[in-house]
Amino acid sequence: MFHFTALVTCLSILCYLYTSILVSRARTAFGIKAPAVSGNPDFERAFRVQMNTLEWMPIFLPSLWLFAFYINDALAAALGVVWIVGRVLYMTGYSQAAAKRGLGFGIQAGAAILLWLGALGAVIWHLIHA
Amino acid sequence: MFHFTALVTCLSILCYLYTSILVSRARTAFGIKAPAVSGNPDFERAFRVQMNTLEWMPIFLPSLWLFAFYINDALAAALGVVWIVGRVLYMTGYSQAAAKRGLGFGIQAGAAILLWLGALGAVIWHLIHA
Amino acid sequence: MFHFTALVTCLSILCYLYTSILVSRARTAFGIKAPAVSGNPDFERAFRVQMNTLEWMPIFLPSLWLFAFYINDALAAALGVVWIVGRVLYMTGYSQAAAKRGLGFGIQAGAAILLWLGALGAVIWHLIHA
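Each protein sequence line maps, in turn, to chains Z, B and H.
Heads up, the first sequence is in this note's numbering, so the first residue is 1 and it goes up one at a time.
Heads up, the second sequence is in this note's numbering, so the first residue is 1 and it goes up one at a time.
Heads up, the third sequence is in this note's numbering, so the first residue is 1 and it goes up one at a time.
Any given hint could be a false lead.
A pair counts as met if it fits within one copy or between any two copies, since identical chains are not told apart.
[To be verified] Think about it this way: if two alpha-carbon atoms lie no more than 25 Å apart in a straight line, the pair counts; the simulated SDA-like pairs of lysine to any residue are:
hint: 1; residue 1: K100; residue 2: V82
hint: 2; residue 1: K100; residue 2: L114
hint: 3; residue 1: K33; residue 2: L89
hint: 4; residue 1: K33; residue 2: S95
No lab work stands behind these hints: they were computed from the structure.
Required output: the full structure, derived from the provided sequences and hints.
Encoded structure:
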């Protein structure tokens with residue numbers, strides 16, 4: 001079983017869901033009425049935090065699970081925790097200013113790309129040795 | 001095997017795909033030429049229906065499958081059907097007016113969060129008892 | 001095991017990640033500062049390529065894996081390669097002009113819908129014969 005990877009999956013969804021809640025709050029706080037998604041830079045930054053997290057979910061989640069299946073559950077989960085930490089730093093940084101989004105972005109991108117590289121390498125290794 | 005969950009996965013993709021088709025139609029009907037995604041409130045509401053459904057896919061699908069694996073296939077699928085019903089109500093409501101999107105949103109959010117809570121609880125239970 | 005499907009999953013993520021990198025480059029090239037996502041049609045086309053690829057990931061990936069589980073690993077992977085080819089044509093076409101996005105879009109949509117239809121048909125067949 002892949003309990004650690006399953007736990008990190010749930011926690012990454014929570015982290016992403018929280019970025020959506022911040023968009024709802026920003027909608028009310030800055031008076032951006034649906035369906036508009038622009039008109040105030042503070043709202044737009046909150047919206048971009050959610051969108052960017054959404055953009056990375058289909059990179060992160062499949063790579064995480066392939067890494068877990070092919071390599072190791074606990075190691076996949078550990079890299080998943082790094083991804084979530086990067087995402088939280090991205091969220092708190094970008095909420096303050098667009099220029100402060102770099103560190104968190106880099107950490108989460110690094111963790112996701114390591115998961116992807118590990119999965120790809122392991123798959124190719126199995127295809128060659130099968 | 002998880003036939004019911006697999007079936008509901010296919011149906012949720014169909015529901016989501018349908019929101020994309022409505023955006024294509026709205027593009028033609030309201031003369032919004034690609035790459036623009038704004039300029040007419042009726043188009044923007046159709047676009048937001050698709051985007052919001054997309055935003056919930058990485059919450060719904062992993063939670064659905066973890067719930068099915070850890071708890072029960074048929075129960076996961078039943079909550080998945082509730083999610084789809086909420087999504088259809090959201091689509092039909094929001095297509096008419098932004099103010100009419102609340103009921104469907106609440107139903108789908110409730111179903112997705114129940115799936116997530118069930119999955120999280122079951123994973124933690126297994127980690128403690130493993 | 002599903003090595004071919006896993007490999008195609010990694011390659012589809014790479015293809016999608018590349019569309020994100022093109023958005024970063026377009027941001028710099030056309031001077032679109034975050035959090036803005038509009039203001040220059042060349043930037044907007046690059047952004048829409050990424051967004052449209054993102055929009056199809058939750059259609060493509062679950063359909064690909066259900067097809068692989070229920071039908072065949074290599075056949076799923078072959079259709080997955082067609083999807084990636086369609087995505088690359090969409091990216092190169094749309095980067096030039098909005099009118100040139102049709103061919104690639106049609107190819108990737110066809111491949112994804114075949115995967116979805118195969119998965120749905122196989123699931124229903126199993127539910128009837130179970």
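Do the hints match the structure? See the list:
no. : hint         : verdict
1   : K100 to V82  : within (18 Å within a copy, 39 Å between copies)
2   : K100 to L114 : within (23 Å within a copy, 35 Å between copies)
3   : K33 to L89   : between (28 Å within a copy, 20 Å between copies)
4   : K33 to S95   : both (20 Å within a copy, 15 Å between copies)
Every hint from the earlier list agrees with this structure, and none is contradicted.
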